[in-house]
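Read in order, the letters of the sequence shown are residues 1098 to 1696 in the numbering used here.
Just to be clear, a hint being listed does not mean it is correct.
When the alpha-carbon atoms are kept at most 25 Å apart in a straight line, the in silico BS3-like pairs for lysine-lysine are as follows [claimed, not checked]: (1) LYS1331 with LYS1281; (2) LYS1217 with LYS1237; (3) LYS1331 with LYS1217; (4) LYS1516 with LYS1651; (5) LYS1516 with LYS1423.
Derived DEER-like restraints, expressed as beta-carbon distance ranges [to be verified]: (6) ILE1417 with LEU1200: 21 to 29 Å; (7) SER1148 with ILE1649: 50 to 58 Å; (8) ASP1373 with SER1194: 38 to 46 Å.
Since the hints were derived computationally from the structure, they do not count as laboratory data.
Each residue gets a CB set at the ideal place from its N, CA and C atoms; glycine is no exception.
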Amino acid sequence: MKKIIIIIAVLSLVGLCTAQLPLSMRNIASDGIFASDWDYIYDPVDLSKSSQMFFFTNLADFCYRYDNLLTDTNEESKTRILEELPLGVAINNPLVSNLRHSLFIRFRHNLTPDDMTGEKESYTTEYSSGAGNPFIYDTKVISYEKVKDYDDDCSNFDLIWNNSFRLSDKVIGLRYSSFHRNEKFYDADGWLGLDVFDPHMIIDYVHTGETSFENYIEYYDYASNQMYFRVDEKGDFEKEISDNQKELMASVELENDFLVSESIMRFDLGLRTHEDISRNITDEYSASFYQLDEDSLSYEGDLSDCYLVKQSYNQQHYYIAAELKKYLGNSFEEELDFYEFGLSCGYLSGDSKNNSLTHRVWQRTHEDYFPEDNITYSDDRNQEVNEAGDFSGFDLNSHFRFNLVLNKYACFGMGCFVKYNYLKHDLDYEADFENIHTTLLGSEFDEEFDTISTETEYLLAEKESIDQTTEMRLPIALEFKIDDDDLSDNDAFSMRNFVYRLSSTFIYNYQNDEDSYNDIVHEPYFIIVEYGTGEVEEDHDSDNVLSSKKTIRKTAISRKLFSAGIGYRHSDNVNIDFAVSYDSEAEDFFFGLSFTVKK
């Protein structure tokens, strides 16, 4: 059987988001305690430990994580394993024998439709009877609906270029990685429309998750075929998210009894950048209605609602890490028995901007409200919120870990990982609100009943948030196979080639968040009412009183992560691995299957 390889994943040391890296099933089944050749190609130092050529195609490691095992409709979620294409190669430099390279490309393009994709159009006519005589139809209802149900479009492209150079007892490595994600959704991002207006304003409202649509409904008196009620609605929504992450990492490993006998010292230095942009391309809703009551009074109204938002985020993260590994030298395979200490620290800074704009215009008219006049109500509302500021922080990571080879059939490992993050965010918050409400009797603005009300409010404040997170992970893992003495020479299932993995990780997370703000300028709610007679009234809530507020939130959560896996070694060139894991707190279930081919 191929030698079991036990390494420390430096990716977890320096805090790289491992969710973006296709980890091996052996790594996942042991929660990072054990790793395979597939994990080697990402590490600038460990890449040099293997001289074989690896070629990864569609049969390389891949995995899928369920967001939820069951959806709201109680239907099982579908896997998207085949939507991802990993392609890579790891080879020795043909000109420099001690120089090794690896290139990895991963592409994924997901189109996620709802129940129906494209456009659905329906037109129905129904007849109903009133309470007076159940055998006589007195109402005709015509309904029309057109739904534009677009696919949610998500594309990912990942690139990792890794290099490792061995010189005597030193290894120097350099890695560049890039992760790009672009998503497009077609649904409402904010609450649009009016839920409750008045008994005559019968217009529905849409909110996050609803797709683009248009529809109407008409009610007719069957005897006269005269329409007495109609509602029209239309919505158009589109949102786009762009996420880009890049990293440059340099590493050096020093061997030959550095500091401590039979030990290895390693240093890492890196820079990560992260840019995230989210914006609404369109988020518009409009509606109109007409209603005729029993007294022949008609009510008409129109509404248009627009919600636009843009969010941007930029971050730079500098980090340095060191690790000391000590070999015990008393095992079946000397490199497997060791203990190690690791420490890393990083500094991050960046800026963020959030902008949202709501523009709502509605108008309602009552015909023949008075003997000779109509009455019209209208609103023109604008609300804009801007947040912009800088943030900075640091992180500290430390770990202790040891691995033991119990015998030639079993390996055991455990460790303690502690991570601390501190982030301070300073924001300038600005909110501006204006609403103009008009009431007009007839066509001229000359009556006491005619009014124009202008409502305004403005706030400029400084906001500060401090987030502190401490996480401790205690993983324990065991990898074993069946003793040769327990198998017959003619074992039909080749059980000698199977290896089993089990792991359990206790996770404790403590978070302390503090939010505070101070008003700089506050123009309180102010209303000016102008009457058709020329009279003007003014009113406001209070004087310009500045305020401050501070909120502190503390949370502590402990949970367990269970993982298991099976590996099958078909030959020296082909390995097949399967892994499952379950998170008790998030109730996430993961499974994956990998094929690794090498020569």
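Status of each hint after checking the structure:
| no. | hint | in the structure |
| --- | --- | --- |
| 1 | LYS1331 with LYS1281 | holds, 20 Å |
| 2 | LYS1217 with LYS1237 | holds, 23 Å |
| 3 | LYS1331 with LYS1217 | holds, 14 Å |
| 4 | LYS1516 with LYS1651 | holds, 17 Å |
| 5 | LYS1516 with LYS1423 | holds, 23 Å |
| 6 | ILE1417 with LEU1200: 21 to 29 Å | holds, 26 Å |
| 7 | SER1148 with ILE1649: 50 to 58 Å | holds, 56 Å |
| 8 | ASP1373 with SER1194: 38 to 46 Å | holds, 42 Å |
In the structure shown, no violation is registered for any of the earlier numbered hints.
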